[in-house]
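*Asks:* The residues making up each chain are set out below.
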Amino acid sequence: MSSKSDAKQEREIKIVGFLCNWCSYGGADTAGVCRFRQPTDLRIIRIPCTGRIDPLMIVKSLIQGADGVLVSGCHPNDCHYAVGNFYARRRMEVLKRFLPYMGFQSDRFRYTWVSASEGQIWQQVVTDFSETIHRLGPNPGLHQTVDSAPAVSWF
Amino acid sequence: MRIGVFICQCGTNIAGTVDTRAVAKKAMEFPDVVFAVDYMYTCSEPGQKEIQDAISSHRLQGVVVAACSPRMHEPTFRRAVKKAGINPYMFEQANIREHCSWIGTDREANTRKAIDMVRMSVEKLRRNQALFSTQVAVNKRVLVIGGGVAGIQAALDCSDGGLEVVMVEREPSIGGKMAKLDKTFPTIDCSSCILGPKMVDVAQKENIRLYAYSEVEAISGYIGNFKVDIRKKATYVDWNACTGCGECTQKCPSKKAFDHFNEGLGATTAINIPFPQAIPKKARIDSDYCRYLTGGKCRVCEKICPVKAIRFDMKDEIVTEEVGAIIVASGYDLFDARVYGEYGGGRYPDVISAMQYERILSASGPYGGHIRRPSDGREPKEIVFISCVGSRDISVDRPYCSGICCMYIAKQAIMTRDHIPDSNCYVSYMDIRAPGKGYDEFIRRAQEEYGVKYIRGRVGRIYPRGDRLVVQGADTLLGVQVEIEADLVVLATGVECSAGARPLAEKLRISYDQHGFYMESHPKLRPVETNTAGVFLAGVCQGPKDIPASVGQGSAAASKVQALFSRDTIETDPQVAHVNENMCIGCGKCEQVCPFGAIRMKTLRDGSRKSEVLETVCQGCGLCNATCPNKAIQLRHSTDDQILAEINTLFD
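Those protein sequences? They're chains P and A, same order as listed.
Here the first sequence stands for residues 1 to 155, where the numbers follow our numbering.
Here the second sequence stands for residues 1 to 652, where the numbers follow our numbering.
To be clear, the hints were calculated from the coordinates, so they are not data collected in a lab.
In this text, a Cβ means the ideal position worked out from N, Cα and C, and glycines have one as well.
Selected chain A positions facing chain P (in silico; Cβ < 10 Å):
(1) R71
(2) N95
(3) T105
(4) N110
(5) R112
(6) N531
(7) T532
(8) C621
(9) T627
Beyond 12 Å from chain P on every Cβ pair, some chain A residues (computed):
(10) Q9
(11) A84
(12) G85
(13) Q129
(14) T187
(15) C193
(16) Q204
(17) R291
(18) A363
(19) R373
(20) D376
(21) A434
(22) Q472
(23) R605
Just chain P, with the same shape it has in the complex:
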């Protein structure tokens, strides 16, 4: 890990955010309206629902060179489409466990639930995740080996 931190300021960190239109995108808007300062690494893609996200989109982002991927939707039970975020939660959980096998640190991916009124929480989420990614440094890409060996206790 420490060997990477030397090179970490070489290029700008970029984080891809998938935000559902109804809750988290609105939450990010609320944070903006309230002028809650946030790091500038995040690039938000607006989607109708977290249930719209194919896990492959997250993997694709990491393959392309995203340093982190953040998914955020409505709180469970508050989904605009009733159940979309339940599907999303299952997919994200499975994906999180598989990422190390694909050669990505699972810390580079995070999912969270932020409602349209939770501007302050959104600020915390973005700030915290950005800090995590800056600590990890730039995504070394698929061809680099990941030094953190995945835990396989569930087999």
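On the provided structure of chain P, position chain A as indicated by the hints.
*Replies:* For chain A alone, kept in the frame of chain P given last:
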């Protein structure tokens, strides 16, 4: 494609921390972009004109506006480009204000971010398709679920507007909770005198079809065209024949049936009419208590009925109604006071709920309007009211304020002092919440004019001493312990969601909060709409409220329905899923995953199974798109290609 990019300065809101000129300059390098400019206020009249002029002078086919949130001005700009002759869906908006200029102070980093965001929008726009709304016909009938005061108001307003109304009520009579009340605060109006005429109106209006003692079984369809299955529960009485004369209730030998209307105080007969003003005024047999239905012998009512309306072989019946909109006014339940063991509700007969006390006060109640104790029929002299029983208490998962209890306690205390002038009334309260018109004055009247003693503090324990009840609690204003020997204790039970609220929400596909109250579309600005198009809310099913607020919401929901029905057709959102039949393998996963039943399977002439999207039902969530193994089903305007293009362009 020829794309124009418009960067809004939003005064200094954006230009203050983003170099809009640089963003516009950079945008000219993006593929297909033929025109880019920054402008002071793009959403203003001249700003929109600028876009429209550019569309014609540069023959633009698509427009990107980098400005505020699309949740704010997307409809504005879509209208603007439509006026200039291009499809409103050939438009994308980059949110460089809320998501960029307002949240960072580093001008360079912000500018880089804004450039990225514009680039993403351009890449998405390059893959946009022109989309066209479809028109669906509206069935101008409305279903009202629940016949309480909110539902009654909604039904009458719709009926007055000339709409056909179908009303479904779970209980044998409409009227809801309000019909049980003796008086209403703060005017001490007789509740059934003001509600009664409205109930009669519901029965007499020719364009209202009332299904009492019925429940909604299933709902399918979509805005403008819902199909509703209604279960008419067996009453064992042919209501077309029954005249409500009440002969049967006089002669019925089973006289111990639970009296739902009187909250279990006293008993009624197995065949009964719930209360004198019931609408419809028809008899019903309670199958749990009927001697014939439980024991096989009796049939007295059958012999006595002058119109031969008794049908012991009656079964539940399902009827189907077709409607274009639904108003949900399914009401609420009252908190079960037995949860608080220390109060002894349910254990001591003289610890009663406020609704039971309301029935005792009522002239049509079990004691004919004379205040008596349920245990020995004695007139109570010392009466304690305890507020917040099941309200504002996290330990019983009721953190919210029920909003009505402070007021109805004051009313009941005033009524008590009216009935028994030498009685003493005590109210144990946490805070007094009286934020309505004339409400606080009413509380003051209770205290000052009627001498009701208000004690601020919680009651810790109630236990019997002789034939009386000792109420132990605190007076937090004086800082002392209080002990009152009471004849009667009334628990101000709070409001909770109706027991059937959650299953009904599943049928309607609307969401509810953690306490089971239905979620409105927007807590401030869309208080009677739900997120399922064509379904509206009224009354306490949406959250605790008093009668005027419920009536107001009933009227509001009715006006929403009338606005919807003022058109013959409705325009649907074209951002829906679409199946590429060549790629569909007919696995049916999309059908399973769709929360709206918007996908069905069809068989082509060659026998292959394909899925098909009902465009008017689809809400555009994209669950099917993420689930489809072949990516044959794509959510228009949010296709896989578009999302991947946005990702790719970030890392070119």
